[in-house]
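Chemist: I would like the entire structure built from these sequences, with the hints used as guidance.
Residues per chain are reported as follows:
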Amino acid sequence: MNFELELRDDSRTSQHTLKVEASAEGQPGRETQFFIDGKPLEADWAEIRPGHYSILIDGQSYEARVQPTSDSRPGQPETWVVTIAEYDFQVKVRDPRARRFAGQALAHDGPLEVLAPMPGKIVRVLVGRDEEVVQDQGLVVIEAMKMQNELRAPRPGRVTEVHVKEGIGIEAGARLLRLE
Amino acid sequence: MNFELELRDDSRTSQHTLKVEASAEGQPGRETQFFIDGKPLEADWAEIRPGHYSILIDGQSYEARVQPTSDSRPGQPETWVVTIAEYDFQVKVRDPRARRFAGQALAHDGPLEVLAPMPGKIVRVLVGRDEEVVQDQGLVVIEAMKMQNELRAPRPGRVTEVHVKEGIGIEAGARLLRLE
Amino acid sequence: MSILFKKILVANRGEIAVRVMRACREMGIRSVAVFSEVDRKALHVRYADEALAIGPAPAIESYLRVDRIIDAARRSGAEAIHPGYGFLAESADFARACSDAGIVFIGPSPEAMELMGSKTAARRLVMKAGLPVIPGTEANLESIEDVARVAREIGYPVMLKASAGGGGKGLRMVPTEADLESAWRNARSEAQNAFDDPSVYLEKRLERPRHVEIQLLGDAHGNLIYLGERECSLQRRHQKILEECPSPMLDPELRRRMGETAVRIGKLACYTNAGTAEFLVDQERNFFFLEMNARLQVEHPVTELVVGIDLVKEQIHIAAGDRLAWQQQDVRLRGAAIEARIYAEDPARDFFPSPGLITRLSIPSGPGVRNDSGVYEGWRVPLEYDPLLAKLVVWGTDRSQAVASMQRALSEYEVAGLQTNLQFFRQLLAHPEFVGGQLDTSFIDRMLAGRTLKIAPPTELGRVAILAVALEMSRWAQQHRGDARPNGRASRWKAEGRVEELNHWPRS
Amino acid sequence: MSILFKKILVANRGEIAVRVMRACREMGIRSVAVFSEVDRKALHVRYADEALAIGPAPAIESYLRVDRIIDAARRSGAEAIHPGYGFLAESADFARACSDAGIVFIGPSPEAMELMGSKTAARRLVMKAGLPVIPGTEANLESIEDVARVAREIGYPVMLKASAGGGGKGLRMVPTEADLESAWRNARSEAQNAFDDPSVYLEKRLERPRHVEIQLLGDAHGNLIYLGERECSLQRRHQKILEECPSPMLDPELRRRMGETAVRIGKLACYTNAGTAEFLVDQERNFFFLEMNARLQVEHPVTELVVGIDLVKEQIHIAAGDRLAWQQQDVRLRGAAIEARIYAEDPARDFFPSPGLITRLSIPSGPGVRNDSGVYEGWRVPLEYDPLLAKLVVWGTDRSQAVASMQRALSEYEVAGLQTNLQFFRQLLAHPEFVGGQLDTSFIDRMLAGRTLKIAPPTELGRVAILAVALEMSRWAQQHRGDARPNGRASRWKAEGRVEELNHWPRS
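Chains C, U, E and S are the protein sequences, given in the same order. Residue numbering for the first sequence follows this note's numbering, starting at 33 and increasing by one per position. Residue numbering for the second sequence follows this note's numbering, starting at 33 and increasing by one per position. Residue numbering for the third sequence follows this note's numbering, starting at 11 and increasing by one per position. Residue numbering for the fourth sequence follows this note's numbering, starting at 11 and increasing by one per position.
Please note that a few of the clues may not be correct.
[To be verified] With a straight-line Cα cutoff of 27 Å, these simulated DSSO-like cross-link-like pairs (lysine-lysine) come out:
1) C/Lys51 - C/Lys71
2) U/Lys178 - U/Lys197
3) S/Lys464 - E/Lys16
4) S/Lys277 - S/Lys138
5) C/Lys153 - C/Lys178
6) E/Lys464 - S/Lys16
Quick caveat, the hints were computed from the structure, so don't treat them as lab data. Note that this is a predicted model, so its numbers are computed, not measured.
Modeler: Written out as structure tokens, the structure is:
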């Protein structure tokens with residue numbers, strides 16, 4: 033298995049892309065060897081449970097938890113969050129297979145469907161069709177778990193469609209409105 | 033599904049057999065109704081996880097945990113231990129299907145294979161072939177988890193075979209010796 | 011000591027319902043749970059000795075239905091009702107309905123609740139007694155015009171607060187007059203939703219104030235004592251998220267003065283049972299009465315750990331007519347405690363609530379660690395209620411020990427399946443200003459705005475992260491292809507196999 | 011205060027290794043784990059900042075290998091080693107090897123360890139000082155003839171004890187001369203196995219004695235204090251299973267006398283760091299010195315909860331050369347604490363060890379509950395080591411509160427996949443004699459012999475048990491046939507489906 037990973041730590045202070053290669057993969061009894069940018073990674077790992085690994089490198093003991101980002105598609109996700117102690121890393125896969133999904137997952141220009149980040153109830157719609165909005169402008173107010181949460185515009189644009197109206201209940205991921 | 037259950041509480045103070053009947057079993061959407069000795073049991077249950085149930089009867093809230101006794105065969109076990117608060121119940125199934133196994137599981141007369149209750153190391157064999165033993169007489173001493181444990185005769189009898197010798201390691205369930 | 015109750019109904023859900031039932035179980039009192047349709051499998055239902063359904067999921071049709079709760083108490087034969095916090099905890103009507111039904115309400119008298127329940131009435135009372143309150147309106151304000159006028163008088167920034175309020179709901183900070191109208195609209199609508207009462211009032215906003223509250227405990231025989239203070243300055247959107255006892259800024263002298271002031275306020279209202287007097291303390295250590303919470307507070311555990319008194323058990327004894335087992339001079343503070351509120355919310359998405367299935371839960375423990383929880387592994391957190399999952403509380407011989415203990419406990423806490431604010435707390439607890447005890451009510455919002463909470467990881471962690479993703483990707487790929495798994499150097503194949511078998515979580 | 015260590019190696023495994031690492035993490039000290047082949051995934055390895063393999067599973071080839079542990083400390087650059095209890099904790103040779111290697115051993119001096127390590131030497135020392143000891147032999151006994159002779163002199167029943175012993179290993183009660191030979195053989199072989207030293211000695215057996223021990227803490231500057239007592243009378247096969255602080259039988263006067271005696275004994279041995287003086291107390295409240303444990307005790311948490319001092323952190327400070335932060339008069343007892351040792355063993359089978367896979371683990375928490383654990387859900391408990399899984403410790407304002415709190419905590423504790431003594435404890439804690447505090451070292455064995463622990467359940471529970479089995483059987487049957495599941499009245503099908511998906515445990 034070969035792929036490129038784009039590593040970014042959550043403090044946004046560093047970002048770089050690495051080539052990762054896995055050899056002898058999945059051959060019972062034989063250990064898989066990983067190479068990062070061609071260099072073999074001397075590590076001893078054990079799976080505590082799926083997505084949770086104990087990793088020893090040069091005698092240092094790490095616990096890493098991996099999960100797909102919540103906007104990932106099922107199947108082979110293209111972005112992962114790795115949590116090690118109080119640090120989060122975002123890892124984006126540049127693996128060709130994954131790129132197929134990339135388009136849908138992270139559209140940052142062109143039309144943008146604003147989706148509901150959680151289930152809840154629409155208590156107010158703050159913008160109308162054809163209205164121009166600036167970044168961070170309030171779009172809708174969703175109530176869930178006794179809190180009213182204002183959903184803001186991820187980027188400036190024009191509202192071309194509004195799919196919801198006040199008072200209705202919505203599921204997580206429901207399309208709320210469309211920005212262009 | 034129909035079967036008889038023999039209920040015995042762990043304090044050995046009570047024991048009785050009941051007929052149990054389950055109707056509309058496993059029909060999604062429709063609830064299963066249970067009858068005990070013909071009387072319907074008015075209960076509201078929810079599975080917390082397999083073998084662990086939350087049960088409401090007449091407004092009383094119970095948590096029951098069920099597991100097969102450790103000497104049960106895989107497949108459909110014939111004896112269960114139910115734990116409710118600090119009380120244990122042994123429930124033996126009189127269901128024909130289960131009876132097939134019964135023989136192997138709980139042989140109480142005739143020849144008896146004494147099995148290792150846990151993995152460990154044989155540190156001493158206290159009886160020899162053809163030796164007559166009384167109930168609770170020491171048979172072998174097994175060491176596990178830093179403790180030496182003397183395995184005693186479940187009933188009187190004559191040792192017809194000794195399958196182990198001092199110093200060897202054994203798995204749980206290994207045949208140690210044979211009583212007749 | 012009078013005879014205790016044999017059976018208590020807990021008119022609440024989540025961690026506080028379980029907290030109260032734990033006290034009941036330890037006192038040999040049977041507990042009765044009430045539950046809505048989505049809560050059949052909730053922990054408080056499983057934990058109770060008895061449980062009765064009281065209606066559909068929306069609180070207004072279940073946990074806020076006085077009639078059904080009283081009826082449940084009657085049917086179960088409960089002699090008393092503990093309301094917890096939130097829901098009906100501060101409803102004088104509910105307290106009256108209980109006594110009308112011959113059931114003991116575990117809390118203050120309806121009169122005291124009414125007096126303190128209306129923040130404006132409480133303010134007037136305290137002002138009359140010549141005790142310090144924050145400048146603002148005495149009465150509720152019904153029109154935007156009135157609000158604008160008063161705001162101009164006392165000067166911006168101002169705070170809008172729900173008279174029936176609590177927990178940051180129906181509360182808005184108003185920096186300038188331009189923001190007034192929308193803040194007014196939102197505050198009223200939130201207040202309406204949360205407390206079924208839209209009325210709000212106005213207060214001057216202090217600069218970088220600290221929120222310090224005094225725990226009160228009073229019996230029906232005229233004894234009223236204070237049990238130290240709690241520092242609740244760490245708030246997000248005016249909601250407390252982390253509390254401490256003692257306050258890093260109080261000395262014994264200020265503690266005594268605030269404590270005695272709180273007791274005087276309590277006596278003005280003939281206050282009994284557990285209650286809390288909230289104060290704001292400015293940079294010059296002047297304190298102003300804010301409001302009286304006529305209930306058990308969410309953050310009561312930090313007081314319990316430091317004074318060694320179980321407040322819920324005391325509430326029950328008091329309601330049963332017992333005299334306080336402690337006098338003021340018996341109350342001694344030992345060490346320091348901190349509480350962190352673990353919420354089902356997503357810090358990466360502006361802390362939006364994150365209900366859902368808890369696929370994995372492993373709680374910290376060991377020296378000085380307490381976890382008051384209302385959830386379990388396999389429980390699906392419903393979206394209808396408060397996102398509070400649990401309260402992590404730690405004790406240490408002093409504040410720095412408690413901070414270290416909280417950092418340690420947070421590092422052990424594991425929740426999967428939904429988003430939580432655990433990682434946010436790990437970063438907060440590592441922040442030098444927090445460690446230094448330099449707190450004020452806008453601290454969190456400043457940190458979040460300035461993105462100063464997240465710090466760069468040690469570089470070697472990058473390799474670890476990459477390896478972890480590589481392992482996880484090959485696991486996914488092979489799970490997909492259904493073939494075998496890569497094998498770590500030290501881990502033997504069979505062992506691996508077993509552990510996998512055990513852990514087939516669905517991803518959610 | 012001197013500079014603390016930057017890195018400490020913990021030469022142990024299981025709950026005590028994790029306990030020590032928790033203290034390190036809270037003190038900002040890096041921790042180094044050592045592990046055998048079967049412990050690669052053990053909690054202490056996961057918890058440590060660094061981890062090094064030291065050999066195969068048998069302790070004699072790993073956790074007892076002084077050379078490999080010293081080497082691991084060198085390689086990792088650890089400045090100090092904490093031995094925990096058991097393994098090398100009381101090996102003077104190990105302590106010397108550490109100092110030879112320039113590594114600080116966190117414990118008493120090798121000289122003090124040797125003096126106290128040989129129980130016979132310790133007995134002689136204490137006798138010389140005119141302090142009370144139990145009648146018996148001063149020297150080790152090498153031949154069965156000597157044993158028989160001395161036994162006849164002091165009269166049966168007698169106890170055989172491993173000189174190097176601890177934890178009930180190599181220890182036998184001998185009711186009559188007929189039992190002497192086999193007891194002698196077993197004691198020596200067990201002692202050989204456990205401590206690599208077969209020598210045993212003889213002691214008179216008191217009638218229904220209570221086991222009470224005093225916690226000592228001493229620094230390198232001549233300060234030595236006692237931190238109250240622990241009641242350890244509840245033992246099975248001479249192994250402690252439940253401990254309390256304070257002892258139900260001690261009053262302040264007896265506490266002071268025993269405490270001061272313990273301090274005198276400690277001073278005789280120039281004792282430093284943490285240690286424990288064990289006494290037997292007879293029915294007339296006379297106390298006799300039993301032995302000195304030159305290490306941290308398994309049951310140290312009950313003392314910590316009552317005196318509010320973290321003993322492990324103190325050990326580290328002392329080893330770093332710090333002066334004691336407390337003087338005798340600062341030590342105040344508050345409330346009462348109880349510890350229950352949760353073992354992987356099967357009470358239904360004469361408490362045989364029960365190693366295996368932990369398929370489910372849910373620990374109690376809430377007010378006053380502490381759980382010191384060395385395991386996790388998904389961990390396969392190996393058969394090579396001690397069966398102790400965790401220590402459940404509770405605190406209450408007095409003993410009766412602590413007992414109630416322990417009953418409550420036990421009711422919440424959930425371990426599946428292997429057998430434990432949890433149910434045994436639930437029954438024990440409900441026993442009137444225990445609740446009444448009438449304890450002695452043979453209490454448990456009497457209860458077990460008399461089958462008086464298990465009491466008849468309320469009759470209505472029968473129906474519940476039957477229903478639970480019926481539900482579980484149909485689940486098995488349908489899982490077998492692969493078709494759908496019965497549906498409880500209140501539970502909606504889809505929700506059920508989800509929860510099932512989540513929980514496909516293999517039965518083991």
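Chemist: For every hint, state whether the structure bears it out.
Modeler: Status of the hints after comparison with the structure:
1. Note on C/Lys51 and C/Lys71: the hinted pairing holds, with a Cα-Cα distance of about 10 Å set against a maximum of 27 Å.
2. Our distance criterion of 27 Å between C-alpha atoms is met by U/Lys178 and U/Lys197, whose separation comes to about 19 Å.
3. As the CA atoms of S/Lys464 and E/Lys16 are separated by approximately 25 Å, the hinted pair is consistent with the 27 Å bound.
4. Of the pairs offered as hints, the one joining S/Lys277 and S/Lys138 holds, with about 14 Å between alpha carbons and a cut-off of 27 Å not exceeded.
5. Note on C/Lys153 and C/Lys178: the hinted pairing holds, with a Cα-Cα distance of about 10 Å set against a maximum of 27 Å.
6. Between E/Lys464 and S/Lys16, the direct Cα distance comes to roughly 25 Å. Compliance with the 27 Å bound is thereby established for this hinted pair.
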